[in-house]
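Student: Using the sequences and the accompanying hints, generate a full structural model.
From first to last, the protein sequence lines stand for chains X and U.
For what it's worth, the working numbering labels the leading residue of the first sequence as 1145, then goes sequentially.
For what it's worth, the working numbering labels the leading residue of the second sequence as 10, then goes sequentially.
Honestly, the hints are just simulated from the structure, not real lab data.
Be aware that one or more of the hints could be misleading.
As the list claims (entries may be wrong) - On the chain X side, residues computed to face chain U include the following (Cβ under 8 Å):
| no. | residue |
| --- | --- |
| 1 | Lys1186 |
| 2 | Arg1208 |
| 3 | Phe1221 |
| 4 | Glu1235 |
Stated by the list, open to error - Some chain X residues flagged as far from chain U (calculated, every beta-carbon gap over 12 Å):
| no. | residue |
| --- | --- |
| 5 | Arg1168 |
| 6 | Lys1170 |
| 7 | Pro1176 |
| 8 | Lys1178 |
| 9 | Asp1180 |
| 10 | Ala1196 |
| 11 | Thr1244 |
Bear in mind the structure is a predicted one, so any value in this text is a computation, not a measurement.
Where a beta carbon is used, it is the ideal one built from N, C-alpha and C, also for glycine.
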Amino acid sequence: MPLFLLLNLLNTNVFAETPVYEIRIKDHLFLPSKLDIQSNQKVKLLIINEDATSAEFESYELNREKIIMGNRKGVIFIGPLKPGVYPFFDEFNPLTAQGTIKVK
Amino acid sequence: MLVTVIIFLREVLEAALIFSVLLAVSFRLNLNRKWILPALLIGICGAAITAYYLGEISNLLDGTGQEIMNSAFLLSITTLLGMICLWLASNVASTCQPGLSLAPANYIIVILIMNTGLAIVHEGSEISIYSYSFIQAHDSYLSLIIGGGIGFGIGASLGAIIYYLLINLQTKTLIKVAICILILISAGMSLQAASYLIQSGWLPSQLPLWDTSSIVSERSLLGQLLYALIGYESTPTLIEVIFYFAVPVFLIPSLFVSIYVSHNKSRKKPAS
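Tutor: Here is the structure:
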């Protein structure tokens, strides 16, 4: 229990510093589909699913996968990352919903 | 449909593996079988409940409720599997006498129930979420049923094969093999829990230590099977590696301690 509280304290501190990027999902498309972020920095992605159906934000390169149900939001932390291009997609609509995160 | 097959296969295999190992051990060591049905019931009901409430759960903890819940499940399963391994090890000495029926304390039965139940809840909820979302997206039950059926079938068959391989082993070998498998599974789950905690910001994120995706890609079928069996991760970070190896590093010495303690105990009692 004390560990849980301690982790939460550490949590809020981290939230205050990390930049937040919003990605909306509408009509099975990611908006924006291209994102530019700084390298070697922790970043918070706020995924807002504006469709009625669930979507799964997934990226092998980023090592993240999360199902976000219809009309709900999800939070995913990424980084610190090396410079490069990291693609992501919606596993439930992989042909239409694709995007890339460019790390400089 | 391939994605459906792989997802069902992966989740079912993880649960089936735990279930077959525990089943084989339980039959060979003549454990009371009363843990099996409650475990299955708790698992299936729990999976349905968590899938039903997934929307609300996801919104908890600033949108990271799903990951935290999953890592809680995984870490609990890891701990419980560790306890089962310790208990198995403590019985290595007594199983030298054939035909000896073990009467473990009731807590082992409870642990078996909780463990298998949780494993099924975890895997089952992931399957339910995926199925619900799939049906929403594609409005087609047939593809899901066929793909899911195939994946489930393969996973369950692999589990059955492992069960039959195990049940034909000598008791002492069975215990050792079971412990090895359970340690691998626990380590994999521990790593998965770490990944979820990193994704939700509870643990710091770092650059990966290595990248073996050119050798075995996570996207390949082999990669997915290895993920289910041993928690294979092609680009692990330091924390994930620590979580993974913490399991055997902590468990293996504890197993030896457990064997030593039970060996001494059986020496003090005269052989009946």
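Student: For each hint, tell me whether it holds in the structure or not.
Tutor: Checked hints:
1. With 8 Å as the threshold, the beta carbon of Lys1186/X comes within range of chain U, its nearest partner Cβ sitting at about 6 Å, so the hint holds.
2. Because the beta carbon of Arg1208/X sits about 6 Å from the nearest beta carbon in chain U, less than 8 Å, this interface hint is met.
3. The beta carbon of Phe1221/X comes within 4 Å of a beta carbon in chain U, closer than 8 Å, and the hint placing it at the interface holds.
4. Because the beta carbon of Glu1235/X sits about 7 Å from the nearest beta carbon in chain U, less than 8 Å, this interface hint is met.
5. At the 12 Å boundary, the C-beta of Arg1168/X stays outside the reach of chain U, the nearest C-beta of that chain being 14 Å off.
6. Listed as a non-interface residue, Lys1170/X keeps its Cβ farther than 12 Å from every Cβ of chain U; the least gap is roughly 14 Å.
7. Every beta carbon of chain U lies more than 12 Å from that of Pro1176/X, the smallest distance being close to 19 Å; the non-interface claim holds.
8. With a closest Cβ-Cβ approach of about 22 Å to chain U, Lys1178/X is found to remain outside the 12 Å limit, as its non-interface label requires.
9. With a cut of 12 Å on Cβ distances, Asp1180/X stays outside the contact zone with chain U, its closest approach being about 19 Å.
10. For Ala1196/X, the shortest C-beta to C-beta distance to chain U comes to about 7 Å, within the 12 Å cut-off, and the non-interface label is violated.
11. Distance check for Thr1244/X against chain U: the nearest CB is about 17 Å away, which clears 12 Å, and the non-interface claim stands.
Going down the numbered hints, you'll see the structure goes against just number 10.
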